[in-house]
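Colleague: With our numbering as the guide, the letters of the sequence shown map in order to residues 1 to 484.
Worth double-checking, as some hints may not be accurate.
Label-pair distances were calculated between CB atoms; the ranges are [unchecked claim]:
1. L430 - R297: 23 to 33 Å
2. D40 - T261: 20 to 30 Å
3. A437 - D387: 23 to 33 Å
4. R467 - S101: 28 to 38 Å
5. H213 - A114: 47 to 57 Å
6. R276 - D383: 32 to 42 Å
7. T261 - A126: 41 to 51 Å
For the record, the hints were derived by calculation from the structure and aren't laboratory data.
The beta-carbon is built from N, C-alpha and C at its ideal position, and this holds for glycine as well.
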Amino acid sequence: MRYLMSLGKELAAPRQPALGGAAGAAAQKFDLRNISILADRLGDPHRASPCVHIAGTNGKGSTAAMLDSILRAVGLRTGLYTSPHLARINERIRVAGEDISDANFAATFSRVHAFIEVLLASGSLAAHPTYFECLTAMAFDFFASGCHPERTGGGCHPERSEGSVFPASHCAGVDFAIYEVGMGGRLDATNLVVPEVAIITQIDFDHESFLGHSIEEIAAEKAGIIKPGAWVVSSAERPEARGVIARRCAEQHARLVEVDTACAVENLRAENGCYRADVSHAHSKHRIALALPLPGRYQVRNALAALAAARLLAERGFPIDDAAIARGIALTYWPGRLELLQQNPAVFLDGTHNPAGARALLAFWEENFSGRCIHLVYGAMRDKAVDEIAGLLFPFVSSVTLTEPGQPRAITAAELARIASHHLPPTGRLEVIPAPAEALEHAISLAAPADAVFATGSLYLAGDLRRYWLSRSVETQPAIRSVS
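Based on the sequences and whatever the hints tell you, model everything.
Modeller: Encoded structure:
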């Protein structure tokens, strides 16, 4: 783990032209040369199984988790690659709903690292692959192979006959893989894959230094995952983003399904913060009754994206029916996103880290905690729009406890106070407690039983606090559970 972290992030300075006619961002991620060379040396494991590729600003992980659950509901052995992790790096690589074991992580890393050393020694690689490139290569390799310790289940797919959905003559570790883009899309290491379906979720402002300073620029980078002849699902709402995606699909002769036109939602209702709805195809009266276990109205849109993708996969021959879609979505587990830790007072962890996420969190407060006191624990990375996020959230809380996620990129709590304290209402209380666990306990101590405590600002903060909560003694630790 220390070795991987020492490799650094995928940052590069050269300005490159973006897709869709938009100007390139001032800084870009590295190109795909390193990951292409490494994947080739590994035997192109990313081609071993059919897959879905997911890009977007918000909702990628939740959509990926829902689709993974749907595919497992029909008996497929799935591989799920997501980022970042909450508590342990193993979370990024999952098979059949389980994190990769420490033994398999070590074995896969050793195999990939050995190939990297050979490529560096031969001069085939000009530079060492980055942290994210290494992890992506590990996911490709682990999902394709069946040879590492502790691997059971799965097995060899038979030679592909005409119409089969599986690749020919490959002993695959998984039947189907889902890859979440790390950042952007066009130059992301995951963009080697040629998916059965590409999904683009909500697009908004985040990572502007690397992706661009307009919605059009950001959307163009995300739309870079759309390849010739692709089948594409989009849940983007902003007209500027939808236009960029539509143009990219036209250029690539890709089929575009937008959830707003493909899905009709009826009887939408909330139950303890989680939503239920009857969803039908826009041109069909047949409905699927969805019960979402993940809180927040925004999860409805993520569920529609997963549903639309599942239906496209069914068209491609995968054995997915409406019952599996409903069952898979109902069984989805995705921690750190409006995750309820306890009641009386209600304590939530949420990985919100950009203005769009803050607006969604504010909507959740308005729908579920109107008239109740909210105590906020807030910590963030220094490259985030902390002043804008504070301007959205701080005016509506009774107290803010500023803290610091355990990451080198975190902004200090003292600096947060300097930047954002003016957004508090006159009666609001401000505390600066750098240690996240102490900050959370302090906020809980301020809350009455009817109040709510929200810890947010970063998935890294959510991970820090989740680890802390799980480590509490049995006497003081309520079980972590969903709102419902």
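Colleague: Mind listing which of the numbered hints don't hold for this structure, in increasing order?
Modeller: 2, 4 and 5
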